[in-house]
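Visitor: Please model the complete structure; the sequences and the hints are all you need to start from.
Spelled out from the first residue to the last, the chains are:
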Amino acid sequence: MKKFYKLTLLLGVLFCASTMYAQNISDMRLNEVLVTNTEGFEDDYGYRSGWVELFNTSYGTVNIAGCYLSTDPNNLTMYRIPKGDVLTSIPPRQHILFWADGVKERGTFHVNFKLDDAKEVLFVSTDGKTIVDRVAIPQLDTNQSYARKVDGEGSVKQESIIYKSLYKNMVAKANANDTETVEGWIKTNVPTPSTNNLTLDGESKGALMKEVDPYGLFLTFTAMFVTFLSLIILYVIFKNIGKFHIKKKSENAVKAMEGTGKSDKADTSGQVSAETYAAISMAIHLFMQDNEAHDFEDTVLTINKVSRTYSPWSSKIYTLRETPQLKK
Amino acid sequence: MVFEASILDNLQQFFLYTGFANVTLGHVIMILIGLFFMYLAITKDWEPMLLIPIGFGIVIGNIPLFPGLQVGVYEEGSVLNILYQGVRQGWYPPLIFMGIGAMTDFSALISNPKLLLIGAAAQFGIFGAYIAALALGFGPSEAGAIGIIGGADGPTAIFLAGRLAPDLLGAIAVSAYSYMALVPVIQPPVMRLLTTKKERLIRMKAPRAVSPTEKKLFPIVGFLLTAFIVPSGIPLLGMLFFGNLIKESGVTKRLANTASGPLIDVVTILIGITVGASTQADKFLQWSSVKIFILGAFSFVVATFAGVLFVKFFNLFLKEGNKINPLIGNAGVSAVPDAARVSNNIGLEYDKTNYLLMHAMGPNVAGVIGSAVAAGILLAFLA
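Protein sequences appear in the order of chains W and D. Quick note on this note's numbering: the first sequence kicks off at 29 and runs consecutively. Quick note on this note's numbering: the second sequence kicks off at 31 and runs consecutively.
Bear in mind the hints are in silico, worked out from the structure with no lab data behind them.
Here are the simulated SDA-like pairs of lysine to any residue, each with C-alpha atoms no more than 25 Å apart in a straight line:
1. D/K246 / W/N280
2. W/K267 / D/A236
3. W/K277 / D/P237
4. D/K349 / W/I260
5. D/K353 / W/N268
6. W/K233 / D/A413
7. W/K34 / D/R284
8. W/K238 / D/A413
9. W/K34 / D/L285
10. D/K342 / W/L257
11. D/K321 / W/L245
12. W/K275 / D/D135
13. W/K276 / D/D135
14. W/K34 / D/V281
15. D/K353 / W/V264
16. W/K233 / D/Q119
17. D/K245 / W/E279
18. W/K277 / D/V251
19. D/K349 / W/Y263
20. D/K342 / W/I265
21. W/K271 / D/K353
22. D/K235 / W/Y263
23. D/K245 / W/I265
24. W/K238 / D/F323
25. D/K235 / W/T304
26. W/K283 / D/A239
27. D/K353 / W/A302
28. W/K267 / D/D135
29. W/K238 / D/D197
30. W/K177 / W/T89
31. W/K267 / D/K353
32. W/K271 / D/L348
33. W/K276 / D/P237
34. D/K144 / W/N268
35. W/K238 / D/S318
36. W/K233 / D/W121
37. W/K276 / D/E244
38. D/K144 / W/F249
Guide: Set out below in structure tokens:
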């Protein structure tokens, strides 16, 4: 039985570990794709080419080193993102741009393929098999990009049975040449490489609260209500747990009394008064005295010398460990 | 001659590095405040565990520095700055909460759970100060951080101020800890004002014995419930209840001893000294600090008012014999165990045999939970 518990525990730990690993990479999303770039963003070498933007949807840093980018579902390991580059660690809620110029010698973020004839883009996990995200590229005009309306949000999930059927639908929609094609994705004439696709209103919660509740009454009422609610629920739960405990205790007491054959009613209040304790103590004391069950101590003190090997490390004089006492 | 001139030049240059060349009136005032804190702690025995580290920290933080030496608390990479990150990023308060949990016995509360409600009522102090801070011109985030002083909980105040108003953190932390030390001065007049002699003599029923099972269930149920309602309070609530569970489980005695002993001592030293050091004169001596101190006192008074009045109101619905002594209403703030001690002492003034300490510990520990919940709510709305 113990082996079973240990095995279960081990499997649990392994499962958690594998889930944690998967969570990291699976938080990455393809976020925006631009195929033909003649007027837009330039790379560090001054060239313009198509690009693929990835977005870290999580609130933790994700390292994408060792993952793959591809345009061919039959060859998922087309471009392996090199290890050893600190820039492959993507901070929380941040973007990273890969230039699809077909010249990987230009650095980590220049892939070995171009998007000109690509039907889709795939982002693949480090195992080279698990598709983390994929997007079908619709027909795009020059300098037009295909982007999520809100960073990281919208359709496209990891490969699964449900996904496969959804994906067919997505490809069909993407090729339908509509302005808005797949759920959450949009063709845009204003590409936003390495920045948010949708710039959210920068107003903080505090600033909003100032507008909505300038005197603080709404917040006060809400917060006090929630505080009371939390503690009232806790009160109700422990009131009942207490009642249950008292009931159980009195039931046990009744059983014990029945066992002794006495008919006295047990104390059902769940409380034992100080007088009861005093009476019990006195009874025990008298019983011991009458039966001479308790002997008198002979009050002999024995002092044995404890020998200790001297060391300056244990010396109070050398280490000055005495704590000064305040004299009043 | 050249040699002498060179020596003089060197000495003159060295003088410019010393504190004497860079001292300002602000530094002197702050050093005097630090010394005063240490005086109160050593001679009056007022919260020495807090006021000595904070007082000495104030002195450390206000030694006039030549900028760029990388020793100041606000200079990135300095030792003090690294230690200060525990305050700035909010690592220390949850660790202190774990220690508090491992030290706290919730029996008084479990045996009489209605005392939980007093702990909720006293949180009015937080929101009273929040409304007042808004009226004095602070923004909602700053007002929330100031309001939490009314929770009478230093770690919670630091945790929230670090998130909502980092610029005011020093003033809020010093204010919170100062008023916690002043609980025996602030609360009794309010308690006497709001109660009649008859009410002060109310004797409460002895608390029933609490089973170990109930004690083990309390942190688990308490955490699940409060965390589901206020997830933003998880760092504080989680550590508080976790600390209590390692104590009550009975099988992790070593962990409980560490959390309630060496660990909380280490963190208290670090939090005290770095909070003190963060009160550099140029950042601390401002009108906003004065306002924060006034609002801090106000929040304590409101919390005491709310706690005592709530008990009086609650008594209207309780049967004779089950009534609560309103003198324990003040203990709804979470200054453990000072506020409970105040209830006991005032109670004993009117009846030498009426010990209220154990009863007051109920709302007192409920106040810790209540203030953590309130902090979570403020965080959710304002962060």
